[in-house]
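Asker: Below, each chain spelled out in residue letters.
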Amino acid sequence: MSAHSFAGETAIVGIGATEFSKDSGRSELRLAVEAVKAAIADAGIKPSDVGGMVTYSSDTNPDVDIARSLGIGDLTFFSRIHYGGGAACGTVQQAALAVHAGVADYVVCYRAFNERSGNRFGAGVQGRAPMPNAENAHLASYIPVGLLTPASWVALAAQRYMHVNGATSEDLGVIAVADRKHAATNPKAWFYEQPITLEDHQNSRWIVEPLHLLDCCQETDGAQAIVVTTKERAKDLPHAPVVIQAAAQGSGAGQDMMTSYYRDDLLGLPEMSVVARQLWESSGMGPDDMDAAILYDHFTPYVLYQLEELGFCKKGEAKDFIKGGRIELGGDLPINMHGGQLGEAYLHGMNGIAEAVRQVRGHAVNQVDGLERIVVTAGTGVPTSGLVLSHDA
Amino acid sequence: MSVDHSEALAALVGMSTGFPTVALDLVNEPMIRHWAEAMGDTNPVYFDAVAGVTAGLGGIVAPPTMLQAWSMVGLTGTLKRESSRGEKKDLENANDTMMRLLDEEGLTSVVATNCEQEYDRPLRPGERIAMRATIETISDVKKTGLGVGRFTTSLSEFFSVDESFPSDPSLRDAALAKAERVGTMRFRILKFAPQASAPAKPPRPKPALTQDNAFFFEGLNEGKLLIQRCTACATLRHPPLPACGKCESLEWDTIESKGSGEIYSFVVVHYPQVPSFDYPLPIALVALDEGTRIVANVSIDPEHIAIGQRVIARIETFDNDLSLPVFDLDTGA
Ligand SMILES: [Zn+2]
Numbered sequence: 458m459s460a461h462s463f464a465g466e467t468a469i470v471g472i473g474a475t476e477f478s479k480d481s482g483r484s485e486l487r488l489a490v491e492a493v494k495a496a497i498a499d500a501g502i503k504p505s506d507v508g509g510m511v512t513y514s515s516d517t518n519p520d521v522d523i524a525r526s527l528g529i530g531d532l533t534f535f536s537r538i539h540y541g542g543g544a545a546c547g548t549v550q551q552a553a554l555a556v557h558a559g560v561a562d563y564v565v566c567y568r569a570f571n572e573r574s575g576n577r578f579g580a581g582v583q584g585r586a587p588m589p590n591a592e593n594a595h596l597a598s599y600i601p602v603g604l605l606t607p608a609s610w611v612a613l614a615a616q617r618y619m620h621v622n623g624a625t626s627e628d629l630g631v632i633a634v635a636d637r638k639h640a641a642t643n644p645k646a647w648f649y650e651q652p653i654t655l656e657d658h659q660n661s662r663w664i665v666e667p668l669h670l671l672d673c674c675q676e677t678d679g680a681q682a683i684v685v686t687t688k689e690r691a692k693d694l695p696h697a698p699v700v701i702q703a704a705a706q707g708s709g710a711g712q713d714m715m716t717s718y719y720r721d722d723l724l725g726l727p728e729m730s731v732v733a734r735q736l737w738e739s740s741g742m743g744p745d746d747m748d749a750a751i752l753y754d755h756f757t758p759y760v761l762y763q764l765e766e767l768g769f770c771k772k773g774e775a776k777d778f779i780k781g782g783r784i785e786l787g788g789d790l791p792i793n794m795h796g797g798q799l800g801e802a803y804l805h806g807m808n809g810i811a812e813a814v815r816q817v818r819g820h821a822v823n824q825v826d827g828l829e830r831i832v833v834t835a836g837t838g839v840p841t842s843g844l845v846l847s848h849d850a
Numbered sequence: 072m073s074v075d076h077s078e079a080l081a082a083l084v085g086m087s088t089g090f091p092t093v094a095l096d097l098v099n100e101p102m103i104r105h106w107a108e109a110m111g112d113t114n115p116v117y118f119d120a121v122a123g124v125t126a127g128l129g130g131i132v133a134p135p136t137m138l139q140a141w142s143m144v145g146l147t148g149t150l151k152r153e154s155s156r157g158e159k160k161d162l163e164n165a166n167d168t169m170m171r172l173l174d175e176e177g178l179t180s181v182v183a184t185n186c187e188q189e190y191d192r193p194l195r196p197g198e199r200i201a202m203r204a205t206i207e208t209i210s211d212v213k214k215t216g217l218g219v220g221r222f223t224t225s226l227s228e229f230f231s232v233d234e235s236f237p238s239d240p241s242l243r244d245a246a247l248a249k250a251e252r253v254g255t256m257r258f259r260i261l262k263f264a265p266q267a268s269a270p271a272k273p274p275r276p277k278p279a280l281t282q283d284n285a286f287f288f289e290g291l292n293e294g295k296l297l298i299q300r301c302t303a304c305a306t307l308r309h310p311p312l313p314a315c316g317k318c319e320s321l322e323w324d325t326i327e328s329k330g331s332g333e334i335y336s337f338v339v340v341h342y343p344q345v346p347s348f349d350y351p352l353p354i355a356l357v358a359l360d361e362g363t364r365i366v367a368n369v370s371i372d373p374e375h376i377a378i379g380q381r382v383i384a385r386i387e388t389f390d391n392d393l394s395l396p397v398f399d400l401d402t403g404a
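Heads up: the sequence lines are chains B and Y, in that order. Residue numbers for the first sequence, in the numbering used here: 458 to 850. Residue numbers for the second sequence, in the numbering used here: 72 to 404.
Just chain B, same shape as in the assembly:
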């Protein structure tokens, strides 16, 4: 495999979001429109400059409705990506491919939902009618026995990982404490000024053993949008370009949607390994070059897996790697400085990309001193994606 041709040639030039809440009081489409409008303004372009739009296949807001709402006009590229939060960095990859190939000049990636006040993913698949198709047939192995929710799907793999590697619930708690520490100083975070202790984590109720409530991300109403263009065009825009050094998707052997329980072991995320391999090859960088990481944290255990798959530590050693404040601001590898999805908001990973952009621009509320390069990941347990972003060096 060789480096991707678009690596280092494209950039994120605009970000925009709504507030993050538990009840937005407005339609998901309006949230999408507000975020896209804000991102276009942040990029310093006009709506009519936008030629492409990318979102998740699970997003309910048609790109054409947003385009009509904002007077975007002609679109020459539109695309949707499957696998829930696994799509996050993939939307940016699609945009980068499109602008690098000359299919569109500016592409907007967006995700908007009322995931707390509307359709809650945490409720699982209780109401799903069993239409006889392959997606539902996949669930036939789980829903009749009561394995209905994302928390339960992750927990069934995590129990094995913890058993084999000797990781404990307290180890998971270290991740939750770090996220909430960062959220506590981020005014945009839902859990602003609400840090937790390891004791709080241990005392929180069980959701699905071995996961406590504080191992599970929030449910959020909100929207996030991101504008991508070529590095050349980016030079004429107000913000210093945030260069996409690498963008990759990955699905691994034995891949399943959240329930890859039949692989040789349950100790890794092979799909994240596929992403990591591409990120490091394309960017010409490695884990040691990263000043920080935004790691998808819908549930704490998979943060441990990701540290291993990305090469920050050896297999099975993430529980020791995270100790001693290493993943907190001021540590060797701060993660999720915005508070992550446990602390800031659950925006299906898109708010993490925006945080990485702010960090590279150098004006994040919890800024990592001297940050030049950062890795971002998307939803775990599913086919996923990742980014390496940096200054225009």
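The set of hints was computed from the structure by calculation and includes no laboratory data. We put the beta carbon where it would ideally sit given N, CA and C, even for glycine. Be careful, since some hints might not be right.
Each pair of labels, with its calculated beta carbon distance range [what the hints assert, rightly or not]:
1. LYS479/B - ARG381/Y: 41 to 47 Å
2. THR147/Y - ASP522/B: 55 to 61 Å
3. HIS375/Y - GLY827/B: 50 to 56 Å
4. TRP663/B - ALA285/Y: 32 to 38 Å
The hints should help you fit chain Y with the ligand onto chain B, whose structure is shown.
Answerer: Chain Y with the ligand only, in chain B's frame:
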């Protein structure tokens, strides 16, 4: 049942439930015709005098099943009618006493169980019908599908009387001794203690069945835990897929698993709680001895479930139409 009125109830058996009553209307042709029409009974003896004579009945007769109808209070019960309580409207008659005693025993609900009628002879237009009811039986306390309760039977006797039938209710029993009985009715009810009904558990969510995975659930319905096998290279696979990831073959058959295996991983679900399941809900990823893994319910106490435990499957049917393997701890017995 904290209160037991067996003795007081036994004393009521054989007692009349009040004074005999007389029907609001004489037996008459319009009501007979309406009844026959409503019932869809086209027998001409109910509306054609010639047919009645030809049949040897002497003219139009009333359908036998109208027996009780003559003594009824009418659709809304608002018309003035004789009371079996006579002038003393608030008098507690034997039937009232029986119902009160049963209520006091906690048998507060009622359901009618049987109605048996016997007809001595056909009734003809112009006849005046009187009725008397007595308590015939009160059973011991029985266990029933509805709850514990007592069956009671009332016997109603119907008589044909003439204009001389006394208007004074207290004189009527004596008059009936000389009147002609035309039919009887036994009416049986169950007075029972309603069970605190647990809210019905909704059925488990059903699996989506396609041509790829239906065999697995059909096998379970026949009591077999089936594993898909590639017929080209003999690789086992679960969950089902249309082709073999090892050799691409689309050809497959199945083997029947012995159901033995070991807990490879597990969870205990606490929240959210879906009414179809009991919580805390342990669910295991079982490594079957044949080599595949399967996600299934387990009967092991959530406090004591552990990775590495040996388990053995039995097939349990839920909601009458969903069979699934459930794994029990394999004690080696
Ligand atoms: Zn094969």
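Asker: Of all the hints given earlier, name the ones this structure violates by number, lowest first.
Answerer: none
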